[in-house]
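Asker: Model the full assembly from the supplied sequences, consistent with the hints where possible.
Chains V and F supply the protein sequences, listed in that same order. Take the first sequence: its position 71, counting from 1, is numbered 208 in this note's numbering, and each next residue is one higher. Take the second sequence: its position 135, counting from 1, is numbered 153 in this note's numbering, and each next residue is one higher.
Worth flagging that the hints you see were computed from the coordinates, not collected in a lab. In this text the structure is predicted, and so the values were computed from the model without any measurement. Please note that the accuracy of each hint is not assured.
In silico DSSO-like cross-links for lysine-lysine, where the CA-CA straight-line distance does not exceed 27 Å [said to hold, decoys possible]:
{"no.": "1", "chain 1": "V", "residue 1": "Lys504", "chain 2": "V", "residue 2": "Lys295"}
{"no.": "2", "chain 1": "F", "residue 1": "Lys393", "chain 2": "V", "residue 2": "Lys161"}
{"no.": "3", "chain 1": "F", "residue 1": "Lys148", "chain 2": "F", "residue 2": "Lys79"}
{"no.": "4", "chain 1": "V", "residue 1": "Lys504", "chain 2": "V", "residue 2": "Lys476"}
{"no.": "5", "chain 1": "V", "residue 1": "Lys417", "chain 2": "F", "residue 2": "Lys79"}
{"no.": "6", "chain 1": "F", "residue 1": "Lys166", "chain 2": "F", "residue 2": "Lys393"}
{"no.": "7", "chain 1": "V", "residue 1": "Lys425", "chain 2": "V", "residue 2": "Lys221"}
{"no.": "8", "chain 1": "F", "residue 1": "Lys79", "chain 2": "V", "residue 2": "Lys425"}
{"no.": "9", "chain 1": "V", "residue 1": "Lys155", "chain 2": "F", "residue 2": "Lys189"}
{"no.": "10", "chain 1": "V", "residue 1": "Lys417", "chain 2": "F", "residue 2": "Lys393"}
{"no.": "11", "chain 1": "F", "residue 1": "Lys79", "chain 2": "V", "residue 2": "Lys194"}
{"no.": "12", "chain 1": "V", "residue 1": "Lys318", "chain 2": "V", "residue 2": "Lys161"}
{"no.": "13", "chain 1": "V", "residue 1": "Lys425", "chain 2": "F", "residue 2": "Lys41"}
{"no.": "14", "chain 1": "V", "residue 1": "Lys194", "chain 2": "V", "residue 2": "Lys460"}
{"no.": "15", "chain 1": "V", "residue 1": "Lys190", "chain 2": "F", "residue 2": "Lys352"}
{"no.": "16", "chain 1": "F", "residue 1": "Lys166", "chain 2": "V", "residue 2": "Lys531"}
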Amino acid sequence: IMSLFGEVPQATPVAVFKLSNDFKEDANPKKVNLGVGAYRTDEGQPWVLPVVKKVEKIIVADNSLNHEYLAILGLPEFRSSASKIALGEDSPAIQENRVGAVQCLGGTGALKMGAEFLRRWYNGNDNTKTPVYVSAPTWENHNAVFANAGFEDIRPYKYWDAEKRGLDLDGFLGDLESAPKHSIFVLHACAHNPTGTDPTHVEWMQVAEVMKRRKLFVFFDSAYQGFASGCLDKDAWAVRYFVTQGFEMFCAQSFSKNFGLYNERVGNLTIVARDSDNLKRVLSQMEKIVRVTWSNPPSQGARLVAITLNTPELFAEWWDNVKTMADRVLLMRASLQAKLQALETPGTWDHITQQIGMFSFTGLNPKQVEYMIKERSIYLMASGRINMCGLTTKNIDYVAESIHETVVNVQ
Amino acid sequence: SSWWSEVQMGPPDPILGVSEAYKRDTNPKKMNLGVGAYRDDQGKPYVLSCVRKAEAQIAAKKLDKEYLAIGGLGDFTKACAKLALGDNNEVIKSGRNITVQTISGTGSLRIGANFLSRFHTEARDVYLPKPSWGNHTPIFRDAGMQLKAYTYYDPKTCGFDFQGALNDISKIPEKSIIMLHACAHNPTGVDPRPEQWKEIANLVKKRNLLVFFDMAYQGFASGDIDRDAWAVRYFIEQGHNIVLSQSFAKNMGLYGERVGGFTVVCKDAEEAKRVESQLKILIRPIYSNPPMNGARIAATILNTPDLYKEWLGEVHGMANRIITMRELLVANLKKEGSTQNWQHVIDQIGMFCFTGLKPEQVARLTKEFSVYMTKDGRISMAGVTSGNVGYLAQGIHAVTK
Numbered sequence: 138i139m140s141l142f143g144e145v146p147q148a149t150p151v152a153v154f155k156l157s158n159d160f161k162e163d164a165n166p167k168k169v170n171l172g173v174g175a176y177r178t179d180e181g182q183p184w185v186l187p188v189v190k191k192v193e194k195i196i197v198a199d200n201s202l203n204h205e206y207l208a209i210l211g212l213p214e215f216r217s218s219a220s221k222i223a224l225g226e227d228s229p230a231i232q233e234n235r236v237g238a239v240q241c242l243g244g245t246g247a248l249k250m251g252a253e254f255l256r257r258w259y260n261g262n263d264n265t266k267t268p269v270y271v272s273a274p275t276w277e278n279h280n281a282v283f284a285n286a287g288f289e290d291i292r293p294y295k296y297w298d299a300e301k302r303g304l305d306l307d308g309f310l311g312d313l314e315s316a317p318k319h320s321i322f323v324l325h326a327c328a329h330n331p332t333g334t335d336p337t338h339v340e341w342m343q344v345a346e347v348m349k350r351r352k353l354f355v356f357f358d359s360a361y362q363g364f365a366s367g368c369l370d371k372d373a374w375a376v377r378y379f380v381t382q383g384f385e386m387f388c389a390q391s392f393s394k395n396f397g398l399y400n401e402r403v404g405n406l407t408i409v410a411r412d413s414d415n416l417k418r419v420l421s422q423m424e425k426i427v428r429v430t431w432s433n434p435p436s437q438g439a440r441l442v443a444i445t446l447n448t449p450e451l452f453a454e455w456w457d458n459v460k461t462m463a464d465r466v467l468l469m470r471a472s473l474q475a476k477l478q479a480l481e482t483p484g485t486w487d488h489i490t491q492q493i494g495m496f497s498f499t500g501l502n503p504k505q506v507e508y509m510i511k512e513r514s515i516y517l518m519a520s521g522r523i524n525m526c527g528l529t530t531k532n533i534d535y536v537a538e539s540i541h542e543t544v545v546n547v548q
Numbered sequence: 019s020s021w022w023s024e025v026q027m028g029p030p031d032p033i034l035g036v037s038e039a040y041k042r043d044t045n046p047k048k049m050n051l052g053v054g055a056y057r058d059d060q061g062k063p064y065v066l067s068c069v070r071k072a073e074a075q076i077a078a079k080k081l082d083k084e085y086l087a088i089g090g091l092g093d094f095t096k097a098c099a100k101l102a103l104g105d106n107n108e109v110i111k112s113g114r115n116i117t118v119q120t121i122s123g124t125g126s127l128r129i130g131a132n133f134l135s136r137f138h139t140e141a142r143d144v145y146l147p148k149p150s151w152g153n154h155t156p157i158f159r160d161a162g163m164q165l166k167a168y169t170y171y172d173p174k175t176c177g178f179d180f181q182g183a184l185n186d187i188s189k190i191p192e193k194s195i196i197m198l199h200a201c202a203h204n205p206t207g208v209d210p211r212p213e214q215w216k217e218i219a220n221l222v223k224k225r226n227l228l229v230f231f232d233m234a235y236q237g238f239a240s241g242d243i244d245r246d247a248w249a250v251r252y253f254i255e256q257g258h259n260i261v262l263s264q265s266f267a268k269n270m271g272l273y274g275e276r277v278g279g280f281t282v283v284c285k286d287a288e289e290a291k292r293v294e295s296q297l298k299i300l301i302r303p304i305y306s307n308p309p310m311n312g313a314r315i316a317a318t319i320l321n322t323p324d325l326y327k328e329w330l331g332e333v334h335g336m337a338n339r340i341i342t343m344r345e346l347l348v349a350n351l352k353k354e355g356s357t358q359n360w361q362h363v364i365d366q367i368g369m370f371c372f373t374g375l376k377p378e379q380v381a382r383l384t385k386e387f388s389v390y391m392t393k394d395g396r397i398s399m400a401g402v403t404s405g406n407v408g409y410l411a412q413g414i415h416a417v418t419k
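Answerer: See below:
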């Protein structure tokens, strides 16, 4: 019989996962994986946060806990404490009862729910033509999330200046000025992925001014809170500033990186509305979208985060664990930059220490990237993005030498 | 002014909303017979012993929390397929199935709906049995499919309208998608007998329909894993390349951990690879990769012989308690003096009982007795205990006499 799926084409694999796969199959003992965005210790190992281990034991020992369904919108104590992390304990918006949240499957799930809601209810009903702007470059899944939610017009906004290896502020502001009114802008709250380049406070204020004046929708993607500076509050500055400016907005939060809970899929879509009445109606519609997607979210990770955030000693320990990770990244940045300078590698390398968070946009071009992979078994994204967490005191010399050799030999 | 002034208040979910209404009720005799979540004879959630053991084993292993692959935990997906299709199934041996881990049954249906919507371009219509699980319709609709129905339940007998089903199925346009509940039909509890399944399989083949099996209750219908998967396996044997949704919410009690699988039975291994690649493309923009915890528990149970044995025993136990409650409910109704025919309560299978109560009667049962159930007259037998079955009989008798 003819197969119903005879015409289904082979899809190209998701780049970042293919990279990890290729790395796994590489037999070179010196290989280094600077691909996927997951934290690694100085031994190159995944790190289950000490506070997470502690809380897992608490959960296992608690016989009053079971595996019953969570509510459609998720675990209430998770949602509220997660929103507080983003907006601040004393956020006026929270005190005014106009902040709500949807527990989602990781940061991706939070973006998905926000996108689905906006397509149905923002700027008219089912207005798939509302432009969605994502930074150039951005996380490669942003485009697909919004496209799959039905948006037909997804555009880049200028962000990364390859020549000066920094923020193209004029380009960014220019695109905000020329965007059609009500366009949706996906902003990286901190530790921009993949460039590691964040606006300064003053620059964020300029962005906010234009967005308010031109009635553009603010959709923050906050996947690295804590990872940028090591301080959760500092990293939330932009999100909180926009709240003070009176925006109704979404903030998709991920706890994959700052809690190291990658595979438990812990995310939160924080919603800041004009008032509690609008919030209530928004949440009721969010429920309907959740119900036809996953019915209700997974309980383990949310429970873990909720217990941690709501228990003072555990919360303090978590802050500490986050700082440990951020500090190691800062150390690797400093070391790499110092080594490249010592080697007198052509070009400027200040961007390595100026950039923030897990990633660095090295500036290596695709040919150079290919050389790094094929000749040196150092795996990084075609964009030149490296994950600083893949660097260790043991491999940093090899990586620095490899970058040097690549830049010298390949143009 | 707000962006959201025009956003209407959404209605409460017809099934999950029942639990929320129940929670707000202060009547000490209240009963939640809404959502299909198993309860023990004390009316308490039941964490399976094999689950606790698996959790302890997992904790001792000190595993990391790295992202799963988009398609999920390999140990889980392999075992999931084996459970449904049988250990020595030719499909698995030849590698012509692709099974991905999903966010329980809902997530599986949604991925399936999205996949069919994108790749099954010959037909937009999905035929559901009348009635079907309330969430089937919005899931497929949201994925861009159109919903139609085939006769299934006979309200006169509270049983299966076999001839009605065959008549309707014989008229379904070729290449349409037909949804079949593998066992323990939700909401009616009415399942075809094997000889009836055989005729349905035959007719479906003649009509060249794409079969979508929803198996959310494997083990819960008869208490026997293999018996409950019989229809799925039969259809495959007969040459139907089905798509299949599985849930471990009920049979492992892993509700909130969201453990499920979606399987496409393909022509061959090469096609399975192509289909797999496309499923990943569909999954990534929704949630990137699935949650580990529940899948790890399920995989441990399925892949550890003594845990697996213990699990089979516990599923059997849960199914038996439900069967006992069915018998008790009927006995109590008779004791109350009801003259209605309640045989269907015993004949129906699985977690649910389609009582035959009409909406007004349901409303009275909720209002006057604080017995919570869905408007269609469906009750979750799992919520019935030896302690409250008498009260339930009282209430049902009161609104039906």
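Asker: Now, for every hint given, state plainly whether the structure supports it.
Answerer: Here's how the hints hold up against the structure:
1. V:Lys504 x V:Lys295: holds (24 Å)
2. F:Lys393 x V:Lys161: Distance of about 54 Å is beyond 27 Å: violated.
3. F:Lys148 x F:Lys79: Given pair Lys148 of chain F, Lys79 of chain F is violated - Cα atoms ~47 Å apart, limit 27 Å.
4. V:Lys504 x V:Lys476: Judged against 27 Å, a Cα distance of about 23 Å means the pair holds.
5. V:Lys417 x F:Lys79: Given pair Lys417 of chain V, Lys79 of chain F is violated - Cα atoms ~43 Å apart, limit 27 Å.
6. F:Lys166 x F:Lys393: Given pair Lys166 of chain F, Lys393 of chain F holds - Cα atoms ~21 Å apart, limit 27 Å.
7. V:Lys425 x V:Lys221: Satisfied, since the Cα-Cα distance of roughly 25 Å is no more than 27 Å.
8. F:Lys79 x V:Lys425: violated (38 Å)
9. V:Lys155 x F:Lys189: Violated, because 46 Å separates the two Cα atoms, which is more than 27 Å.
10. V:Lys417 x F:Lys393: Roughly 25 Å between the alpha carbons, so the hint for Lys417 of chain V and Lys393 of chain F holds.
11. F:Lys79 x V:Lys194: Distance ~13 Å between Lys79 of chain F and Lys194 of chain V Cα, so the pair holds.
12. V:Lys318 x V:Lys161: It is violated: about 47 Å lies between the C-alpha atoms, which goes past 27 Å.
13. V:Lys425 x F:Lys41: With Cα atoms ~20 Å apart, Lys425 of chain V and Lys41 of chain F stay inside 27 Å; holds.
14. V:Lys194 x V:Lys460: holds (23 Å)
15. V:Lys190 x F:Lys352: It is violated: about 55 Å lies between the C-alpha atoms, which goes past 27 Å.
16. F:Lys166 x V:Lys531: violated (63 Å)
Hint check: violations occur at hints 2, 3, 5, 8, 9, 12, 15 and 16; the rest are consistent with the structure.
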